[in-house]
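Undergrad: As a plain string of letters, each chain reads:
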Amino acid sequence: MDRLLAMSRGIDRVSWYAGLVATWAILIVTLLAAGDALMTFGLRPLDAANQWLNGYGIGFGFLLDWYRANSNAVGDSLPLLFAVMVMLGAPWTFKLNGHVRVDLLYQMHTPRGRIWIDVIGGLVFLLPVCVILFAYTWPWFLHSWQSNEMSTNAGGLPRWPSRLFLPLGFALLALQGVSELIKCWAALTTGYVREHIYEKPVQ
Amino acid sequence: MIEFLTHNMAPLMFGGLVVFLLFGYPAAFSLAAVGLFFGFVGIELGLIDQAYFGNLPFQIGSVLNNDLLLAIPLFTFMGAILERSGLAEDLLEGFGQLFGGLRGGLSYAVIVVGAVLGAITGTVAASVISIGLIALPIMLRYGYNVRHATGVVAASGTITQIVPPSLVLVVLADQLGVSVGEMYKGAIGPAMVQVGLFLSFVFLLTLVRPGFVPALPPEARILRGWPLLWKCTKGMVPSLILIFLVLGTILLGVATPTKAGALGVVGAIVLAVLNRRLDWPLLWSGMQTTMRITAMVVFILIGARVFSLVFQGVGGKEWVEGWLVSLPGGVIGFLIFVNIFIFLIAFFLDFFEIAFIIVPLLVPAALALDINIIWFGVLLGANMQTSFMHPPFGFALFYLRGIAPREVRSSDIYWGAVPWVCLQLTLVAILIFFPEVVTTFLDIEQDIDLDSIQIEAPQIDNLLSAPPAFDFGEPPAIDLSTPPAVDP
Chain A
1 MDRLLAMSRG
11 IDRVSWYAGL
21 VATWAILIVT
31 LLAAGDALMT
41 FGLRPLDAAN
51 QWLNGYGIGF
61 GFLLDWYRAN
71 SNAVGDSLPL
81 LFAVMVMLGA
91 PWTFKLNGHV
101 RVDLLYQMHT
111 PRGRIWIDVI
121 GGLVFLLPVC
131 VILFAYTWPW
141 FLHSWQSNEM
151 STNAGGLPRW
161 PSRLFLPLGF
171 ALLALQGVSE
181 LIKCWAALTT
191 GYVREHIYEK
201 PVQ
Chain B
1 MIEFLTHNMA
11 PLMFGGLVVF
21 LLFGYPAAFS
31 LAAVGLFFGF
41 VGIELGLIDQ
51 AYFGNLPFQI
61 GSVLNNDLLL
71 AIPLFTFMGA
81 ILERSGLAED
91 LLEGFGQLFG
101 GLRGGLSYAV
111 IVVGAVLGAI
121 TGTVAASVIS
131 IGLIALPIML
141 RYGYNVRHAT
151 GVVAASGTIT
161 QIVPPSLVLV
171 VLADQLGVSV
181 GEMYKGAIGP
191 AMVQVGLFLS
201 FVFLLTLVRP
211 GFVPALPPEA
221 RILRGWPLLW
231 KCTKGMVPSL
241 ILIFLVLGTI
251 LLGVATPTKA
261 GALGVVGAIV
271 LAVLNRRLDW
281 PLLWSGMQTT
291 MRITAMVVFI
301 LIGARVFSLV
311 FQGVGGKEWV
321 EGWLVSLPGG
331 VIGFLIFVNI
341 FIFLIAFFLD
351 FFEIAFIIVP
361 LLVPAALALD
371 INIIWFGVLL
381 GANMQTSFMH
391 PPFGFALFYL
401 RGIAPREVRS
411 SDIYWGAVPW
421 VCLQLTLVAI
431 LIFFPEVVTT
441 FLDIEQDIDL
451 DSIQIEAPQI
461 DNLLSAPPAF
471 DFGEPPAIDL
481 STPPAVDP
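In order, the protein sequences belong to chains A and B. Residue numbers for the first sequence follow this note's numbering, so the first one is 1 and each next one is one higher. Residue numbers for the second sequence follow this note's numbering, so the first one is 1 and each next one is one higher.
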């Protein structure tokens with residue numbers, strides 16, 4: 001049992017790092033999207049300023065050209081980062097017991113009954129769902145990767161990275177599911193206490 | 001037996017959904033499990049083609065590739081920062097002092113501030129927590145009735161869901177396939193009616209139960225003249241700038257909701273810096289909350305997509321539509337049924353579950369009955385306000401419980417909410433019988449919207465009826481050599 005719990009802690013650690021990436025993705029998305037929005041208003045005045053400064057030989061046209069050449073890459077990176085925060089954030093959220101339940105009957109159960117719900121749900125719902133969805137999304141990613149499929153936007157990013165996060169996320173989620181099952185089993189058989197009791201996630 | 005299964009697959013699947021959800025495992029995974037389980041049963045019975053399942057990656061991919069849904073993290077993040085940016089304090093102190101001398105003045109102030117905060121943010125948490133923390137202790141100290149005080153705070157915080165730019169309206173627009181800008185325009189009228197209803201209720205209370213809502217004594221009104229004006233300006237100017245950044249840019253059509261949300265976050269951060277409230281722990285906890293909510297919400301949508309892909313495959317859409325269209329009373333009968341149903345189901349499901357599971361089932365029937373979808377969406381949004389307010393699970397009450405002083409009993413919070421839920425239902429009734437409240441603000445572009453909906457529907461059909469050339473009779477390894485023929 002100790003070895004299993006050590007393994008569970010190892011999985012939690014992996015999920016924590018994935019969650020860390022997902023958390024940072026939020027700040028990056030915010031800055032990229034806000035910067036992009038500001039540039040759509042700011043491009044024309046900046047162009048004018050550039051023209052004026054060109055007269056003095058200190059234009060910054062190369063910066064504006066650089067932005068124009070890469071603005072589609074910025075646009076393409078937003079959905080990519082969205083996929084990162086959802087798919088890499090889900091395992092850690094699961095570890096925190098943060099996925100919403102319909103708790104009408106759940107709240108009437110004893111703590112032990114709730115553990116059983118997590119055991120049955122983990123074995124019958126979560127693991128099969130993750131395995132099946134992994135099996136469907138992995139070939140989808142692989143095909144995109146092998147054919148090096150590009151975004152339809154000129155100068156955009158390749159498609160495969162955003163597809164990679166689907167199977168990756170389902171795999172990590174399945175791993176976290178195993179980790180939680182170990183904790184449930186420990187809680188049922190030994191004096192182990194699970195860290196996160198369910199509280200309705202607030203939004 | 002097989003015969004029975006084949007003919008009643010859709011109702012059985014719906015029943016399965018209820019059972020799986022009630023089991024109490026996280027809804028996102030239960031939804032996907034129902035979908036996959038009935039999907040495989042459907043394949044066994046020959047109801048759906050194996051290749052149909054090849055749509056799964058596209059369905060899930062389209063959830064993550066959705067620019068509109070990216071607004072969920074951005075609006076949530078904005079709310080998390082605004083909540084502690086000091087803006088609500090400035091607004092409440094200013095308006096509280098301004099109206100304080102009136103009977104019921106603090107209630108008026110709370111409602112007005114709720115509407116202003118609602119026009120800035122799109123999340124209930126941000127509003128209820130910031131209003132409640134400041135206003136509730138003051139109201140209780142000066143002798144406001146406990147139930148009235150908690151009720152007005154919860155209701156004013158919830159008003160943000162019908163005042164654009166609300167997250168509820170963004171998600172509904174996505175599910176209904178209409179433009180967010182149009183939804184926002186449609187919600188302007190109802191938001192004003194809702195604020196009007198709340199203010200009139202307080203006014204009525206000052207006549208009937210003056211003891212519930214006393215005026216502030218003169219010694220409590222310390223701000224007068226220029227300092228008072230300064231306080232109000234300090235609250236209103238940043239508010240108006242933020243409203244322009246988020247709502248203004250969307251309504252003018254110069255920014256998508258996602259970009260407007262990002263601008264709002266930056267605006268909120270700048271405001272928090274100016275008020276010297278911003279530090280790393282605040283930002284980090286905001287990011288973490290946002291990450292958890294985003295993952296939780298979008299996973300419900302992923303589960304719901306898996307479910308609805310299969311539900312559609314077994315003819316569920318037609319079953320629900322036929323059933324809803326045949327309700328007695330035509331359009332009004334349909335609307336009344338739908339609203340009562342959503343009001344009741346909201347006791348058990350939270351807003352996002354309703355939006356992702358129930359709403360897509362209602363859309364075909366609404367289209368078949370020739371109902372203006374924007375109006376329908378705003379109506380649903382108004383109705384779902386109640387899901388944040390009704391005891392015992394309403395989020396607004398839950399937040400309020402978290403921040404209310406200890407002497408406030410939970411039963412006070414629950415009973416206090418009741419009159420306000422009735423006022424929200426009054427708005428729903430007004431909207432059903434006077435659609436003009438919504439449509440007046442939609443310009444003349446209504447027809448164009450209906451067209452764009454009709455264009456969108458066949459596209460979805462194409463995607464679903466033309467599956468990629470996966471062959472699932474063979475192990476996945478072989479799939480790699482036969483790539484999908486459809487480019488999403």
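What the hints contain is simulated information worked out from the structure, not anything from laboratory work. The beta carbon of each residue, even a glycine, is placed where N, CA and C say it ideally should be. Watch out, some of these pointers could steer you wrong.
Stated by the list, open to error - Label-pair distances were calculated between CB atoms; the ranges are:
1) 105/A / 322/B: 29 to 35 Å
2) 60/A / 226/B: 28 to 34 Å
3) 105/A / 281/B: 36 to 42 Å
4) 152/A / 7/B: 40 to 46 Å
5) 252/B / 188/A: 39 to 45 Å
Undergrad: Which earlier hints can't be squared with this structure?
TA: 2, 5
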